[in-house]
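Q: Sequence:
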Amino acid sequence: MKNILLIAFLFSLASNAFSQEKLEKLVDERQDLHRRWKASESKKSGIFGNRTKKDMIATNDWMERIILKDNLIMDELEMLKNIETTEIKYEKDDYKFIAQKQEQDINKLKRALKQKDEEIVAEANSKRTYEWTTLIFFLSTAILGFLLFRIKSKS
12 MKNILLIAFL FSLASNAFSQ EKLEKLVDER QDLHRRWKAS ESKKSGIFGN
62 RTKKDMIATN DWMERIILKD NLIMDELEML KNIETTEIKY EKDDYKFIAQ
112 KQEQDINKLK RALKQKDEEI VAEANSKRTY EWTTLIFFLS TAILGFLLFR
162 IKSKS
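For the sequence shown, the positions run 12 to 166 when this note's numbering is used.
Calculated from the structure, these hints are not laboratory results. Check before you lean on any hint, since a few could be wrong.
What the hints assert, rightly or not - Now the in silico label distances, taken between C-beta atoms and shown as ranges:
hint, residue 1, residue 2, range
1, M85, E52, 22 to 28 Å
2, K138, D104, 46 to 52 Å
3, Q115, T144, 40 to 46 Å
4, E89, E52, 41 to 47 Å
5, D72, K36, 17 to 23 Å
6, F148, D128, 29 to 35 Å
Keep in mind that this is a model prediction, so the values were computed, not measured. We treat Cβ as the ideally placed atom computed from N, Cα and C, and that holds for glycine.
Full structure from sequences and hints, please.
A: Written out as structure tokens, the structure reads:
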């Protein structure tokens, strides 16, 4: 089980690093597209320095490319979010398993403690029985000795 978790963890780290690099690459490409769009936006090839229909179409094409790149970035972010959600779920399950294991251990310790308490009570009860038996034996011996002493002293 530990080997599987270790392999999954290492795979998620490698996957996460690869996803981060891919995301950075997509953002760099989007910035490049944005620069080109800005250049296209400032391009004015019409009469008297005005923009032509061709200029506007080119600008719109760059904007479409930017939107497509933004969609790719959003997909990559969604995938990263799903990966992190999955990792969190696995961590939660791991912690839940650990908590359940700890609860089982605590219950075992409680049962052992209860058993030891019962043994202590039983030992104390047997000790009390021994004490009472000893007291009764001592008193009966003392009384018997006193009675024998009286009988011998009368005769």
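Q: All the hints need checking, so say for each whether the structure fits it.
A: Comparing the hints with the structure gives:
For the pair M85 and E52, the beta carbons lie near 24 Å from each other, so the given range of 22 to 28 Å is met. With their beta carbons about 51 Å apart, K138 and D104 fall inside the hinted range of 46 to 52 Å. Range check, Q115 to T144: about 43 Å between beta-carbon atoms, so the 40 to 46 Å window is met. About 30 Å separates the C-beta atoms of E89 and E52, a value inconsistent with the hinted range of 41 to 47 Å.
Distance hint check: the CB atoms of D72 and K36 are about 22 Å apart, consistent with the given range 17 to 23 Å. A C-beta distance of roughly 30 Å is found between F148 and D128, which places it inside the suggested range of 29 to 35 Å.
Violated hint for the displayed structure: number 4, the only one.
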